[in-house]
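K.L.:
The residues making up each chain are set out below.
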Amino acid sequence: MKLPAATPSAQPIAESAGRHRSIARRAFGSRTFVAGLCIVGCITMLAVLAPVISRYGPNQQNPFHTLEGPSAAHWLGTDDLGRDVWSRVLYAGRTDLFIGFAAVLFPLIFGTLLGIMVGYFGGRFDTFTMRLVDVIIAFPFFVLVIALVFIIGPGIRGIFIAIALTDWVVYTRIIRSQTLVVRELDWVAAARAGGLSHARVLRRHILPNTIPQAIVYVMSDIVYVLLAVVTLGYLGLGIQPPTPDWGSMISEGQSFLTTNLWLSTIPGVPIVLIGLGLSLCADGLTDVLRPP
Amino acid sequence: MSDTWRYVGTRLLHAIPVVFGVTVATFLLLHLIPGDPARQLVGLHASPAAVATVNRRLGLDGSLLSQFRDFLSRLLHGDTGTSFFYGVSTRSLIVSRLPVTAALVALAALFCVVITLPLAIIAAVQKDRLTDHAIRVIPLVGLGMPAFWIGILFILIFSVKLPWFPVGGWGISYSDHLRALILPALTAALGIIPLLIRSLRAGALDVFNADFIATARAKGLREGRVLFLHVTRNALIPTVALLGLNIAYLIGSTVIVERVFDLNGLGSLLLEAVGNRDFPVVEGVTLVFAVAVVLVNLGTDLVTAQLDPRIRLR
Amino acid sequence: MKPPALELRELAVEFGQGPGRFRAVEDVSVSVADGGTLGLVGESGCGKSITLRAVMGLLPSGAQVASGRLLAGGSELPLAGKGVRAARRRRVAMVFQDPSSGLNPVMRVGAQVAEAPRTVLGLSARRARDRALELLAMCGVPDPKRRAGAFPHQLSGGTRQRVMIAIALSSEPRILLCDEPTTALDVTIQAQILRLLQDLRERMGLTIVFVTHNLAVVGELCDELAVMYAGRVVETGATRQVLDRPRHPYTLGLLRSAVDLDAPVSEPQPIPGVLPDPLHRPAGCAFHPRCWLATPDCTVTDVRLEDVGAGRQSACLNHQHLADATRHG
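Order-wise, the sequence lines are chains A, B and C. Under the working numbering, the first residue of the first sequence carries the number 2, and numbering increases by one thereafter. Under the working numbering, the first residue of the second sequence carries the number 624, and numbering increases by one thereafter. Under the working numbering, the first residue of the third sequence carries the number 1089, and numbering increases by one thereafter.
Every clue listed holds true.
Among chain B residues calculated to face chain C with C-beta under 8 angstroms, some are: (1) A833; (2) D834; (3) F835; (4) A837; (5) T838; (6) R840; (7) A841; (8) L844; (9) R848; (10) H853; (11) R856; (12) L930; (13) D931; (14) R933.
The hints are simulated quantities; they were obtained by calculation from the structure and are not laboratory data. The beta carbon of each residue, even a glycine, is placed where N, CA and C say it ideally should be.
Given only the sequences and the hints, what does the whole structure look like? Please build it.
P.N.:
Put into structure tokens, the structure is as follows:
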């Protein structure tokens, strides 16, 4: 599992959600964040509008126009089955980005909640969970995912389950360390002394103070998950044909590297751009959350 | 000197339960997750008897505990099963493919240090100037680059357009091997270099601004010597430590890199086994990978201790 | 007459850029006679460390010399630009404040002391090693041969500071700049280090500039004193005279606020008020908001250091008042 770079430290907050609104406002003041958001937004928009802007279906074959270069009729040319590359890139975006954004939800929610629980309550539950986390982190990420996909079977279902089983660990670690810090703060003790139940303290004090870290990490995590999705696609273990996917497009194009190099190179570009956009968002958010 | 041995001993002792944990985890992973490898092997329409036979051969019948007992006893005898597809012991397969992957990982790790350390130091020395900003772009752009795509680009540029490196394969002589490894190792290294640079830039800055560097300058040493000897030597420590944290990812990426460059290592063995539904091989290779990560982490811990006397000496 | 070992004229050091730019040090002129010891005293933040670093050519990034001249033994030393460090090689050395961060953690201390003799003085490896042992012994490091093979974190604070001094001496300087070398140490060790410095000064004929906020320390070691406040020198003179009969209210305030173990029991009296914000200096004398002697002209006149007789200087318009008061008090 790729470990994140330095995470920002949180500040003690007032109880209201007003602070979150102010974070949002400051985030939009950060040029880095806005730039990143624009990039991600543009590409997502293109992907979402795929059925509208593409001129051909993603699987529309045309045996008379195979392996053609870019032209007026086909902006990025055609592949070996005569399918329009530009349309396929757009539709692949729909699938890949959807999975990328959706597959992080379970690790985010589960990992965060688990992190808060073990950080707050500690004890044997905590020790056991962290041992489990250590063991999972010991596995090379791709080996683990491939082994899981081997058992469960390839395709979208396999991807979701594999990510759900492996990706939560980093969230748990981050949130747990943050919870340990927040737990010791004076106003938390005061809240407990004032008679607040554990559940209330967790919900209204611990959670709001730890969530920002998870949100920053989720930006990078979407990139990792997206990379996992397209890598599995490249290996033939991910999204199965005929559904287009950037990874499998690159794999199919590799045999034509000497003659039609764009088939393998073009589909990587949106991946890099999304990665760039999300990295900028993460950097911008980190700056905003850093204590003044 | 005895201090160092004590440190080595402690680290080894800590590694053992992790290896055990990883073994258990591999077993659970492959035997517990829903999915029917036996049925996938014989086909969806096979008879229950056929499936049962396969289950017995794979060792997937019987209670979970008895399966685990068998698994463990086999392991302790060095037997990781017999390949379904090839018919030979998985151990012999693993041993024959290990050198390629080991060489790949070693060269990739070397590339990581040799590329990241100078860039981080340059970024620190040129802080906030153009070079620094240029270096800081690398993590932004590089983090989202899929390893296999980078590999293909390399092949395109350095093997197809410029005939510097072979397109793939392993070659015959040792020098062939080395040439064949350079692009794959570079590809694997570039998978984590952006992350390393991002973290190390801060570390290099800390060293550069440290008091003892001012002492060195005050002595009258030339800036080149200060940078080379004092700054680099100290910045090497967090570089190796950071590499250690991320080496699991590096080792895992050999699976992809070996596929892209058509190398016969453990990674491609895993993929072949997955394609052939060769359960024992998948099990064996996964275990080897996990244990390898633990051992390599142990190795980087020891190297870090060797570099930093504050760790190994009291 | 021999030129002063070190002479600083009208040094000004600026920090930052644009609207945030300010002068941390302004119009500082001091000089030290050959073989003498100058103490540079003041509160934290008064600019004494910056002054010392400027003299050494080791200003932190973000700071630059705005104006000034530096002469060593009559010849000019550049304060900025390319030749800064080369000019100081073998002439000026510096002892830093914190020995725990001032030594390279991954290099044995013997090698660190031997490094300058090897590369700057050009000695052979063996002679450099011998020289290092000599220096360590000279600085009072017990069992130098064994200590030389140790790493910094294995040594005590006092020993580390002795190593730092040995390192400073290793490039055979004539002038030693000390930036609060005893502040990070225990009181008993402080005394030892001071005695060491005195000893070295006599044996090697060094000239020392000693920066500290501790008046007791300067009383022991220094011939002359320069008191700094808010980036300027406010008083200079022979140590005994300045401490017995200060000619600037700030110096008097410092004396009153220090705890003197030899004096009859009395309450230390802190100086009321706080240091001025360097971005918003008060007009006139920077000390006037906290000064009980302040008169209306203190708030407007741009005060400068002036000779007040007997080799002393003061930047107080009402210094005569102090002279009269302390003569009788």
